[in-house]
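If you count the sequence shown from 1, position 25 lands on 26 in the numbering used here, and the numbers rise without skipping.
Any given hint could be a false lead.
With a cut-off of at most 30 Å between alpha-carbon atoms, the simulated DSSO-like pairs for lysine-lysine come out as follows [what the hints assert, rightly or not]:
1. K5 with K65
2. K25 with K15
3. K25 with K5
4. K20 with K5
5. K15 with K5
Everything labelled a hint here was simulated from the structure, so no lab data went into it.
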Amino acid sequence: MNEKLSMLIAAARKNPDLKRRLFKSRESAEPVLELCRIATDEGIPLTIEELLGAGQEYADNLLKSCNGGATYPFEFYDDAYEMLFAAISV
Numbered sequence: 002m003n004e005k006l007s008m009l010i011a012a013a014r015k016n017p018d019l020k021r022r023l024f025k026s027r028e029s030a031e032p033v034l035e036l037c038r039i040a041t042d043e044g045i046p047l048t049i050e051e052l053l054g055a056g057q058e059y060a061d062n063l064l065k066s067c068n069g070g071a072t073y074p075f076e077f078y079d080d081a082y083e084m085l086f087a088a089i090s091v
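Given only the sequences and the hints, what does the whole structure look like? Please build it.
As structure tokens, then:
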């Protein structure tokens, strides 16, 4: 998970109101955009591209590793959006 998402998770764990607003964002017509707006309002500027690209970036870094990297294609990328909610649920 990237630095901004880690910061948002840490903030949500400390701030019940932020956590509530993040969960409420899932009810929005544009839930990912709403989550990014909330994060930005909290001083953690987050874009849709950063959120959706987080899993792909991690996988890309594995594939280009200087130690040979993964030699197989990935069937999926981690869903950073869902992982964020899983992390703040506990």
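Comparing the hints with the structure gives:
1. With a CA separation close to 23 Å, the supplied pair K5 and K65 stays within the 30 Å bound.
2. At most 30 Å may separate the alpha-carbon atoms for a hinted pair to count; K25 and K15 meet this at roughly 17 Å.
3. Note on K25 and K5: the hinted pairing holds, with a Cα-Cα distance of about 20 Å set against a maximum of 30 Å.
4. A C-alpha spacing of about 15 Å is found between K20 and K5, which places the hinted pair at or below 30 Å, so the restraint holds.
5. With a CA separation close to 16 Å, the supplied pair K15 and K5 stays within the 30 Å bound.
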